[in-house]
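> Sequence:
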Amino acid sequence: MAMIFMGGSRGIFELPVPAIERVGTLVAAEHGVLIGDAPGADAEMQGLLAGYNYEHVGVFHARAEPRNNLGDWAAYHVPPPDGSKGFAIHAAKDREMARRADFGLMVWDGASSGTCLNILRLAMIGSPCVVYDTMRGTVGTVHSIVDWRAMLHHAGSGVRREVEARMTADERLALEG
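When we follow our numbering, the leftmost residue of the sequence shown carries the number 1137, and every step to the right adds one.
It cannot be assumed that every hint is accurate.
[To be verified] Restraint ranges, calculated between C-beta atoms of paired labels, are given here:
no., residue 1, residue 2, range
1, ALA1224, THR1274, 27 to 33 angstroms
2, ARG1272, ALA1228, 25 to 31 angstroms
3, VAL1275, ALA1200, 21 to 27 angstroms
4, ALA1164, GLY1262, 22 to 28 angstroms
[As the list claims (entries may be wrong)] Once the Cα atoms are required to be at most 25 angstroms apart in a straight line, the calculated SDA-like pairs of lysine to any residue come out as:
no., residue 1, residue 2
5, LYS1221, ASP1245
6, LYS1221, ARG1302
7, LYS1221, PHE1239
8, LYS1221, HIS1192
9, LYS1221, GLY1160
10, LYS1221, GLU1307
Simulated from the structure, these hints should not be mistaken for laboratory data.
Think of the CB as a built atom: it goes at the ideal place given N, C-alpha and C, for glycine as much as any other residue.
Put together the whole structure using the sequences plus the hints.
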């Protein structure tokens, strides 16, 4: 069973039809799903999976309890490093999901640096990620850091600066290689 890291931007409250269809295909193939607990795309995908009564789902969360676990699935607590604030509270769980994933499926609003970094994390370990870019109305697969750079090229300079500010030393090193 392949493990799929599903996620996306917190500002997305309606999944594109092709992403909904892709989730249906993954359910039919009985792949495992690794998903976060955030509002937005994570919760929308959780709702879709719960509607299928799908069982092969693990919800990853940084706080004591998941913010969203719409299917009452197994929950995996990944505590943040001491002193973490803001996005950094959730970054460790995102890295863990990427580490465990064979593939990714992300719904990106073209602006979320967190989603963009999750796509990079998958590319760094050679796990392909299907990306639904709702800002541009496109879908593509990121297989490598070269593909990720091409995807990021279409984002605004503010997004690029925010992504760079949130990167770990290992993520920066991967981009230099």
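> For which of the previously enumerated hints does the structure constitute a violation, in increasing order of number?
3, 7, 8, 9
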